[in-house]
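Starting from the known structure of chain A, arrange chain B on it as the hints suggest.
Below are the chains, spelled out letter by letter.
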Amino acid sequence: MIASRRTLMTGALTLGAMHLLPGLSKAQARLLVFATFTGSWEEAHKDVLVPAFRKATGADMVLDPMLSVDQIAKVKASLANPPIDVMLHDPGPALVAIDQGLVEPYPVAESKHYADLIAEAQIPTGPAPFFQVVGLTYNPDKVKTPPTSWADLWKPEFKGRVGITNLNSTLGTGFLVEIARMHGGSETNVDAGFQALKDLKPNLAAVAANPGQLATLYQQGQVEIGPGNFNAIQILKARGVPVEFVSPKEGAIAFKTTIHIVKNSPNKELAFKLIEAALSPVVQEKLMGSPYLIVPTNSKVKITGEVAKVLASSVEDLKKKFVFQDWAAINKQRASWIERFNREIA
Amino acid sequence: MPAYELRLAAPLAGFFALFFLAPLAILFYVSLQNGAGLDLSHYARFLFDPFSLGVLGRTLLLGAEVTALCLLLGFPLAWVYVRSPGWLRPVLMLAVLLPLLTSVVVRTFAWIVILGRQGIVNSALLSLGFTDTPLRLLYTEGGVAVALAQVQIPLMVLPLITALSRIDTNLDDASLALGAGAWRGFWRITLPLSLPGIVAGGLLTYAAAITAFITQSLVGGGQMLFMPMYIYQQATALQNWPFAAAISIVFLAAVLAVVSVFNALGRLSRTHADA
Numbered sequence: 221m222i223a224s225r226r227t228l229m230t231g232a233l234t235l236g237a238m239h240l241l242p243g244l245s246k247a248q249a250r251l252l253v254f255a256t257f258t259g260s261w262e263e264a265h266k267d268v269l270v271p272a273f274r275k276a277t278g279a280d281m282v283l284d285p286m287l288s289v290d291q292i293a294k295v296k297a298s299l300a301n302p303p304i305d306v307m308l309h310d311p312g313p314a315l316v317a318i319d320q321g322l323v324e325p326y327p328v329a330e331s332k333h334y335a336d337l338i339a340e341a342q343i344p345t346g347p348a349p350f351f352q353v354v355g356l357t358y359n360p361d362k363v364k365t366p367p368t369s370w371a372d373l374w375k376p377e378f379k380g381r382v383g384i385t386n387l388n389s390t391l392g393t394g395f396l397v398e399i400a401r402m403h404g405g406s407e408t409n410v411d412a413g414f415q416a417l418k419d420l421k422p423n424l425a426a427v428a429a430n431p432g433q434l435a436t437l438y439q440q441g442q443v444e445i446g447p448g449n450f451n452a453i454q455i456l457k458a459r460g461v462p463v464e465f466v467s468p469k470e471g472a473i474a475f476k477t478t479i480h481i482v483k484n485s486p487n488k489e490l491a492f493k494l495i496e497a498a499l500s501p502v503v504q505e506k507l508m509g510s511p512y513l514i515v516p517t518n519s520k521v522k523i524t525g526e527v528a529k530v531l532a533s534s535v536e537d538l539k540k541k542f543v544f545q546d547w548a549a550i551n552k553q554r555a556s557w558i559e560r561f562n563r564e565i566a
Numbered sequence: 065m066p067a068y069e070l071r072l073a074a075p076l077a078g079f080f081a082l083f084f085l086a087p088l089a090i091l092f093y094v095s096l097q098n099g100a101g102l103d104l105s106h107y108a109r110f111l112f113d114p115f116s117l118g119v120l121g122r123t124l125l126l127g128a129e130v131t132a133l134c135l136l137l138g139f140p141l142a143w144v145y146v147r148s149p150g151w152l153r154p155v156l157m158l159a160v161l162l163p164l165l166t167s168v169v170v171r172t173f174a175w176i177v178i179l180g181r182q183g184i185v186n187s188a189l190l191s192l193g194f195t196d197t198p199l200r201l202l203y204t205e206g207g208v209a210v211a212l213a214q215v216q217i218p219l220m221v222l223p224l225i226t227a228l229s230r231i232d233t234n235l236d237d238a239s240l241a242l243g244a245g246a247w248r249g250f251w252r253i254t255l256p257l258s259l260p261g262i263v264a265g266g267l268l269t270y271a272a273a274i275t276a277f278i279t280q281s282l283v284g285g286g287q288m289l290f291m292p293m294y295i296y297q298q299a300t301a302l303q304n305w306p307f308a309a310a311i312s313i314v315f316l317a318a319v320l321a322v323v324s325v326f327n328a329l330g331r332l333s334r335t336h337a338d339a
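Keeping their order, the protein sequence lines are chains A and B. The first sequence: position 22 = 242 (my numbering), numbered continuously. The second sequence: position 25 = 89 (my numbering), numbered continuously.
Pulled out of the complex, with its shape left as it was, chain B reads as follows:
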């Protein structure tokens, strides 16, 4: 790589060093503070506590659920977009982008209205006679997952559109001509070739879903504890900065582990696509 390219990245590197790496180092230092000395006791407290590990596990699981839901809903949408005629595309693109153009707080409040005891879903179920008492939808993990999926879906759809539009449509025709059914063609051709898009979209939705403090706390309520709220609670309500810092580092490490799994999948898919 020519040297000047690296030099061009220097301002950004400096910016990251000053505003990202340095604070991260300070965060790590704070997480080691214990009274007068430095040790790993806060990490031990987290890692040997079933309750804390449960919060971490639930948060990572929530991310997986939201990612799966986004993929399930987003893939057909991206597929329709790629196959739709030119005049329809701008309309679909606007529909995809619309959630990004509204504030997260507003979107989340809309979900409170939808899922509440007197919300749209419950009113419909009550008037259709499916239930006598309003169902509990708000303040449940399912409610949080659905709300987060709606909020994050553009992050999944956009990379999918890019990946799907790169696939040569002749490949589909070829597989049909060679006698494969539509489903077989999808499983053997379209899905493997769109894997880079799935991985990129999955990474973005996953990272956004597990750190979505606002949606998690508003739709999840004060009873459901996920990592961002756990960190906030320790740092502000309890003023226990060292423990909060330790939790943050553990959370960061856990997320990095998940990200590296995604990356490995991405590499696998590229070799698959090249083969």
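This is chain A alone, in the form it adopts within the complex:
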């Protein structure tokens, strides 16, 4: 086809007008947008959750992976017409999103799977489809004796080999609270934790800007040991990077990761169906398999494989082995901790 200049111009103008007046093309609503996390989560959800959603609804959807805090910023900036339908949150940001009225309560009564979740995961503002687990990660080629306790990070032999993240992330904040507890502090008093971080300075090879970056530093040999997310390293491990995970004897830290329908979402019905799929035993069982090893919350899922070996043999056993933190208390002071980290550790 030979397009004349006139038809080209008309086409271009029409396209331009459609951008200027999005209302014109709004008749066909946009696809469901799920803001999952970057890295392992994105790969796992693309591979398992999205196909399950397509099968269940016949509709298509879009993954737009980003950090919890970025999801909140985006939704808050356009609350009347949010660009995201389903948010995924770490415990701290989840409370912020709920406080600021960015989420729709979950229609518990209509849900097929909600009642099957373990008690900790049944949250009416948005249930938890999985737990994130933070323990010690290390490079088995360089660290011959596996660490057993958070306290091992302070050993002189790890001088210049430890990697942590700053407090912008849940991982960094959770780690601070845990080491504060170890030294007699708590969620409301982390002074001891800050002192411990200062003492850790000689051992630090990196303070990564975010957990994703921290995980890649193992690949580059920049760091050899540190607090790490069980799932963030699985993708690296599957690609042959020498990195291992152990639960410290104090107990691995567990974060309830919650999934929420965004307030004013134009796709509420589909959003509900996506979350239902994420709670279903079929999807959770698949996500628990290799290489994702995502910790399930549905009590109908029988824990097997690597998750059973490294973390816990049953959902009940999980509750005993994991340390849950009080994020409502943490959130109250988190801003001042971030300031303090800027000043004292940076």
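Think of the hints as simulated: they come from the structure by calculation, not from any bench. Please read all numbers here as calculations on a predicted model, not as lab measurements. Treat the hints loosely; a few may be bogus.
To be verified - Okay, the calculated bits of chain B under chain A, using three or more residues with CB under 8 Å as the criterion:
(1) 160-168
(2) 208-216
(3) 295-307
Claimed, not checked - Here are a few chain A residues that sit away from chain B, every Cβ distance over 12 Å (derived from the structure):
(4) 263
(5) 272
(6) 319
(7) 336
(8) 379
(9) 387
(10) 388
(11) 442
(12) 526
(13) 554
Where a beta carbon is used, it is the ideal one built from N, C-alpha and C, also for glycine.
For chain B alone, coordinates are given in the frame of chain A:
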């Protein structure tokens, strides 16, 4: 100036008003919000806080370091380009432009590999016996400056090439014939005449270096705080939009001040060149 020229600029002016000035006005309004009322408390909090001022100072200093490094490395390159034979020029130009053709993220990751504990630099130093333990190069201000200089150097070299190729080569010959040495000729003739290029290149590298969020955070790590990361932290991790907006406005004002210094230098150099 004939009226039609201004009319031709109207679409762009409208575009700027809608997508640049209006958001800037909103940003300023947000920076004044304090609870229910409006005041300047967020500005006061920044301007009377030594820590925040330190972050601003470090960021501006980083820009100066990167600009100086780019000039030091870029000037000889531009000079060689202008003096090289015609067949070599496309090759050199490709070498200059190559960094612009790769994504900043990729280039930055390459620097992590180069500067890391097991990176190229440290492996070489270790195997040559210059050091026993790997040096700390990554997550240092020097590391950030070097990485940024490599990323931004085309922005310096291109204006320099333009400025240097405008200089009449007869001037060099004339100064030699009149008895000036090569260095004296450079200081008295080439350098002053290339000042417009230096100013333009400096302005571009400076602005790009201080706002380079990706390179600053990846090579600088979570311990080194520069203004872009400070703004991001306040806006997203802490959800403190008014303070983040106030910091942004202060940063903008500081950058404008530096830019006006560059501009003054540029005017000075033009009068110098005309004289």
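Against the structure, the hints:
1. 160-168: violated (count 0)
2. 208-216: As far as the stretch 208-216 of chain B goes, the hint is violated, because 0 residues have Cβ atoms under 8 Å from chain A.
3. 295-307: holds (count 7)
4. 263: Given that every Cβ of chain B is farther than 12 Å from that of residue 263/A, nearest at about 18 Å, it holds.
5. 272: holds (31 Å)
6. 319: violated (10 Å)
7. 336: holds (34 Å)
8. 379: violated (9 Å)
9. 387: Check fails; 8 Å does not lie beyond 12 Å.
10. 388: violated (4 Å)
11. 442: At about 5 Å from chain B, residue 442/A fails to clear the 12 Å cut-off, so the statement is violated.
12. 526: holds (28 Å)
13. 554: At roughly 8 Å from the nearest Cβ of chain B, residue 554/A sits no farther out than 12 Å, so the non-interface label is violated.
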